[in-house]
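S.K.: Okay, here's what each chain looks like letter by letter:
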Amino acid sequence: METKEFTIKWGMAIDLDKCTGCGACMVACQAENNLAPIADASNKIKVMNWITVYELSNGKPYPEHDVAYLPRPCQQCGHPPCVSVCPVIATDKNEEGGIVSQVTPRCIGCRYCMAACPYHARYFNWRDPVWPGGLEKALTPDVSVRPRGVVEKCTFCHHRWMAAKDKAIVEGRDPMDLPEGEYVTSCTEACPNGAITFGDLNNEEHEVAKLASSKYAHRLLERLGADTQVYYVSRREWVLRQLDNYLEDEKVKG
Amino acid sequence: MEERLLHPADGNSTSRQFGGAAPFFVGLVVALIFGWWAFPGMLFSEQEQPINFSHKVHIQDAEMECSACHYFREDGTFAGLPTTESCAECHSDEPLGEDPEEARFIKEYVETGKEVKWHVYQKQPDNVFFSHAAHSLESCNNCHDFSEVELCSQCHIDVANMDKAPTYYENKLTTYSKQTMKMWQCERCHAHPEHYGVTRSSNACFVCHK
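Protein chains in written order, with the UniProt record's numbering: chain G, 1 to 254; chain V, 1 to 210.
Don't take every hint at face value.
In silico SDA-like pairs for lysine to any residue, Cα to Cα no more than 20 Å straight-line [as the list claims (entries may be wrong)]:
id, chain 1, residue 1, chain 2, residue 2
1, V, Lys210, G, Asn43
2, V, Lys182, G, Val83
3, V, Lys210, G, Val67
4, V, Lys210, G, Arg111
5, V, Lys210, G, Ala138
6, V, Lys56, V, Cys90
7, V, Lys210, G, Tyr54
8, G, Lys4, V, Lys56
9, V, Lys210, G, Asn193
10, V, Lys210, G, Asn125
A short list of chain V residues far from chain G (calculated; beta carbon distances all over 10 Å) [as the list claims (entries may be wrong)]:
id, residue
11, Ala68
12, Pro100
13, Ser202
Just so you know, these hints were derived from the structure itself, not from any lab.
C-beta: ideal position from N, C-alpha, C; glycine also.
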């Protein structure tokens with residue numbers, strides 16, 4: 001399968017050694033992308049998190065015990081399994097920047113993409129969103145609210161890129177050559193530890209490109225060949241080992 | 001009647017066939033009239049603007065540009081319709097013209113500080129993202145030779161020569177405007193191969209949809 005090439009490739013590098021699992025990224029994402037709060041978040045059928053934090057453990061008893069936290073947004077695959085199964089082209093990867101689009105009004109809710117996504121990054125609206133206590137007045141105007149019956153996912157806060165481009169155009173700058181940090185996702189901005197780095201993977205001056213080329217940078221289930229645009233950085237061997245399925249005697253790079 | 005049914009091939013079959021076709025054609029015509037003429041009228045409600053605004057007076061007589069009132073904010077967002085405050089920069093105490101609508105605007109809106117609830121002909125559904133900044137004169141005039149009015153009226157109703165604000169048609173079911181731009185109109189440029197490379201135009205879904 002061929003990977004579509006783009007001049008700009010928005011990507012993320014998440015430092016798992018910096019992540020404390022606080023969940024600020026999840027909260028920021030919910031607020032930014034108009035995800036309705038639900039009364040009982042322990043109900044995993046109903047709960048929606050475009051980015052969700054997983055807990056990893058090395059499984060050893062006390063003195064050697066260690067944990068890590070893994071925030072998982074949509075991985076924006078180079079050749080996304082969700083796109084090839086969508087019967088109505090509600091999701092596609094055809095725009096400069098390499099963000100996998102999700103046009104919810106076009107979605108028919110068949111959920112093939114959810115079955116295809118190896119990262120469980122897609123969510124289905126089983127219910128219409130409910131906004132308690134006038135919360136609908138605080139919705140982000142640039143993000144459309146989804147009704148029940150459609151699938152949604154992280155879009156790398158695509159609307160923020162549009163806003164950054166508009167600003168650049170009005171100021172007479174080239175919108176396809178944004179300085180680093182002018183467009184970042186909401187989770188990147190919210191992380192109190194600076195564990196998330198966002199930028200253009202194709203631009204060598206961007207911090208994210210440097211991080212992604214580090215030998216400590218791995219991708220989730222990299223050997224599936226989805227060619228994702230989210231990198232995870234850790235110096236702990238046991239953490240990197242959990243990012244893919246390794247045989248016991250197999251060596252993990254880095 | 002029974003006799004005929006018992007012997008369908010008998011006698012005047014031609015006239016009976018015609019008798020079957022006539023109600024069909026009458027029904028077809030009635031259905032077409034209903035579908036093409038009556039139903040659209042029932043579907044859309046006609047609404048006039050709360051104040052008659054003459055674009056002609058502003059553009060031709062006062063020689064203003066579209067962007068004098070419909071401008072960009074510093075953060076790159078498009079301001080859209082001007083506020084009463086910005087209209088009041090010119091229309092404050094005394095009416096500038098003879099039009100009673102102007103006097104009414106000053107009395108009812110400027111003096112009370114109320115915003116006019118304009119009907120927006122181009123109001124797009126919530127899932128549409130449109131960047132006014134991207135559709136700039138600089139970009140289009142790389143090849144075209146548009147004036148500001150010409151560029152705006154590629155998508156908007158050409159109000160530059162209108163003394164009376166056009167009637168707004170609202171879909172009673174969806175509350176969308178009838179006059180809003182449809183996707184095929186966007187495609188005239190976005191799906192035009194000659195635009196690729198010259199402009200930043202792209203036909204990817206996420207360029208316009210959210």
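S.K.: Determine for every hint whether it applies to the structure shown.
M.R.: Against the structure, the hints come out as follows:
no.: 1; hint: Lys210/V - Asn43/G; result: violated (27 Å)
no.: 2; hint: Lys182/V - Val83/G; result: violated (26 Å)
no.: 3; hint: Lys210/V - Val67/G; result: violated (37 Å)
no.: 4; hint: Lys210/V - Arg111/G; result: holds (19 Å)
no.: 5; hint: Lys210/V - Ala138/G; result: holds (18 Å)
no.: 6; hint: Lys56/V - Cys90/V; result: holds (16 Å)
no.: 7; hint: Lys210/V - Tyr54/G; result: violated (28 Å)
no.: 8; hint: Lys4/G - Lys56/V; result: violated (49 Å)
no.: 9; hint: Lys210/V - Asn193/G; result: violated (30 Å)
no.: 10; hint: Lys210/V - Asn125/G; result: holds (16 Å)
no.: 11; hint: Ala68; result: holds (16 Å)
no.: 12; hint: Pro100; result: holds (37 Å)
no.: 13; hint: Ser202; result: violated (6 Å)
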